[in-house]
Amino acid sequence: MDVGMSIASVVFEIHKKVPGLGKAELFKSGMNVGKDIIGTMANTLILAFAGGSLCVMILLMAYDMPYFRAINLNTVSTEIIQGLSGSIGLILTVPITSIASALFITKSPRKNFNND
1 MDVGMSIASV
11 VFEIHKKVPG
21 LGKAELFKSG
31 MNVGKDIIGT
41 MANTLILAFA
51 GGSLCVMILL
61 MAYDMPYFRA
71 INLNTVSTEI
81 IQGLSGSIGL
91 ILTVPITSIA
101 SALFITKSPR
111 KNFNND
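Counting in this note's numbering, the sequence shown runs from 1 upward without gaps.
Calculated directly from the structure, the hints in this document are not laboratory data. Errors might be hidden in some of the hints.
[What the hints assert, rightly or not] Simulated crosslink set (EDC-like; lysine to aspartate or glutamate; CA at most 20 Å straight-line):
| # | residue 1 | residue 2 |
| --- | --- | --- |
| 1 | Lys107 | Glu25 |
| 2 | Lys35 | Asp64 |
| 3 | Lys107 | Glu13 |
| 4 | Lys23 | Glu13 |
| 5 | Lys35 | Glu25 |
| 6 | Lys107 | Glu79 |
| 7 | Lys28 | Glu13 |
Could you build the full structure based on these sequences and the hints that come with them?
Okay, here's the thing in structure tokens:
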């Protein structure tokens, strides 16, 4: 959600400062900002899931469980799937938000949104 709001805010601000930009330019701007955001957010997401499953990993190490048996446990595979699905959702958020923001901002009539 943070990623989507950040991209939508940037696209809106760019449109506010340069109103002549079209949908394609706004989309490219949103994608460029999204690429920068994804790098840090993906690492944070993976580390959060790894930290959440740290107790399980320590328990498996304490029981001296073999790697292939541990990786096939439901809890471990669930953590891996959660990390992957979260990363996929994060990656898909950038183009979807960029497209939606560019379309909605250029489609709506020009309004005065100044909060200054």
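(request) Taking the numbered hints from earlier one at a time, note which ones the structure violates and give those numbers from smallest to largest. (result) Going through the list in order, the structure violates hints 2, 6 and respects the others.
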